[in-house]
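Listed in order, the protein sequences are those of chains C and W.
Using the numbering used here, the first residue of the first sequence is number 100, and each one after it goes up by one.
Using the numbering used here, the first residue of the second sequence is number 100, and each one after it goes up by one.
If you're looking for bench data, these hints aren't it; they were derived computationally from the structure.
Hints are supplied without guarantee of correctness; some may be wrong.
Intra- or inter-copy, both count: the list cannot distinguish identical chains.
No more than 25 Å apart at the CA atoms, straight line, and that leaves these computed lysine-lysine pairs for DSS-like [said to hold, decoys possible]: (1) 309 x 207; (2) 183 x 242; (3) 217 x 116; (4) 255 x 116; (5) 309 x 259.
2 protein chains.
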Amino acid sequence: MSLQSKVSLPVIKRLPKYYRYISEMKQSGAVKVSSSELAHMMGTTASQVRQDFNCFGGFGQQGIGYHVDVLLSEISKLLFSEKKLNTILIGTGRLGHAISGYLTAEAKGYHLLASFDKNPTQIGTELCGAPVLDIADLASFCKEHKPQVAVLCIPKTSAKSLAPTLVSLGIEGFWNFSHYDLSVDYENVTVENVHLGDSLMSLGYRVRNK
Amino acid sequence: MSLQSKVSLPVIKRLPKYYRYISEMKQSGAVKVSSSELAHMMGTTASQVRQDFNCFGGFGQQGIGYHVDVLLSEISKLLFSEKKLNTILIGTGRLGHAISGYLTAEAKGYHLLASFDKNPTQIGTELCGAPVLDIADLASFCKEHKPQVAVLCIPKTSAKSLAPTLVSLGIEGFWNFSHYDLSVDYENVTVENVHLGDSLMSLGYRVRNK
Numbered sequence: 100m101s102l103q104s105k106v107s108l109p110v111i112k113r114l115p116k117y118y119r120y121i122s123e124m125k126q127s128g129a130v131k132v133s134s135s136e137l138a139h140m141m142g143t144t145a146s147q148v149r150q151d152f153n154c155f156g157g158f159g160q161q162g163i164g165y166h167v168d169v170l171l172s173e174i175s176k177l178l179f180s181e182k183k184l185n186t187i188l189i190g191t192g193r194l195g196h197a198i199s200g201y202l203t204a205e206a207k208g209y210h211l212l213a214s215f216d217k218n219p220t221q222i223g224t225e226l227c228g229a230p231v232l233d234i235a236d237l238a239s240f241c242k243e244h245k246p247q248v249a250v251l252c253i254p255k256t257s258a259k260s261l262a263p264t265l266v267s268l269g270i271e272g273f274w275n276f277s278h279y280d281l282s283v284d285y286e287n288v289t290v291e292n293v294h295l296g297d298s299l300m301s302l303g304y305r306v307r308n309k
Numbered sequence: 100m101s102l103q104s105k106v107s108l109p110v111i112k113r114l115p116k117y118y119r120y121i122s123e124m125k126q127s128g129a130v131k132v133s134s135s136e137l138a139h140m141m142g143t144t145a146s147q148v149r150q151d152f153n154c155f156g157g158f159g160q161q162g163i164g165y166h167v168d169v170l171l172s173e174i175s176k177l178l179f180s181e182k183k184l185n186t187i188l189i190g191t192g193r194l195g196h197a198i199s200g201y202l203t204a205e206a207k208g209y210h211l212l213a214s215f216d217k218n219p220t221q222i223g224t225e226l227c228g229a230p231v232l233d234i235a236d237l238a239s240f241c242k243e244h245k246p247q248v249a250v251l252c253i254p255k256t257s258a259k260s261l262a263p264t265l266v267s268l269g270i271e272g273f274w275n276f277s278h279y280d281l282s283v284d285y286e287n288v289t290v291e292n293v294h295l296g297d298s299l300m301s302l303g304y305r306v307r308n309k
């Protein structure tokens, strides 16, 4: 959709927050909501809210407020396709275990096909209902099952050496817990970085220097 | 330190990235580095790098490059105190397990005193060498052991209802995996939010709408 492909990254990054707030409003029984009410919850301005929604066609008629049902349904359609994204996870250590659990139990829109590791004690086991396979079998697996998304729960050096293979095997999106910044070397892939270590270091500095 | 207390949040948030890049440079044997080399790695400008470093006193003499050793040592001092931050973790589900492992095995500067849960099957066990205690004992524990940081691995509603207690018990910093935005209600606490769900929703949207 040409309309959606022009939406800027900051707007896209705000969609999940809209989704969360509007879900809560629906749960609490709200029927309509104004752009200023939404702005208040989001910590932004009513004008920003209207601009954001206009990126996707507006979600309603200006001046009379938005229907909570319509908003939730339209934003859900944007965020979650009926067709789940086929996903693989690389690295079944402690973090990989947790993230796979999150992905399969709490996240919508993703289907974990398999996890991969090089550790013989992990290979052959199951993680969240999906097999843990030998990383040596990555290429043949991807050619057969065509996953679109890879979750990287491995160290930076492993991520860097594995990235060209994953990209060449057709992975389009990375949920990246490693410190290797894929988007520098691979401009055409979509990357969401989660830097747990950076977050903890910032927190420590800020607590000690208040 | 009055110097440090004036440092803006974006500068603080860049410190961990500097730390990671400069650690790698040291490992690869580099002795000196210029602000333009650092800028290239950081994806910013040399002027920005110099401005950032000037917030902390400069880290060296302008025009002759920075000593990698000095930079690493100074930035380490900023990020990691010799005195670790006493930390508790709330919620020992799958995510709590993973995060506690990360905190104790991979992160510097934090000391996990105990984890808390309301689930009787968790209470009395150990998590990463620290006891899992009954959430009912939170107040007495905090009064005795004075933790400074709390890691929240619980749902939004639980986080919201527990926050006033944690703040009143002296918690100064939150590593927040819940979707409750503490910083709105408690302006004086330091909060680092990690929104795993938002990150996954954005990724899905971006992969489907490339």
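Now the hints, each set against the structure:
In the homo-oligomer, the alpha carbons of residue 309 and residue 207 lie at most 25 Å apart only across protomers (19 Å), although the nearest pairing inside one protomer, at 38 Å, exceeds that limit. In this homomeric assembly, residue 183 and residue 242 come within 25 Å of each other (Cα to Cα) only inside a single copy, at 18 Å, whereas the closest approach across copies is 48 Å. Taking CA atoms no more than 25 Å apart as the test, residue 217 paired with residue 116 passes in neither setting, with 37 Å inside one copy and 28 Å between copies. Taking CA atoms no more than 25 Å apart as the test, residue 255 paired with residue 116 passes between copies only; the shortest distance there is 13 Å, against 29 Å inside one copy.
In this assembly of identical chains, the alpha carbons of residue 309 and residue 259 lie at most 25 Å apart only when taken from different copies (23 Å versus 37 Å within one copy).
Taken one by one, the earlier hints fail for this structure only at number 3.
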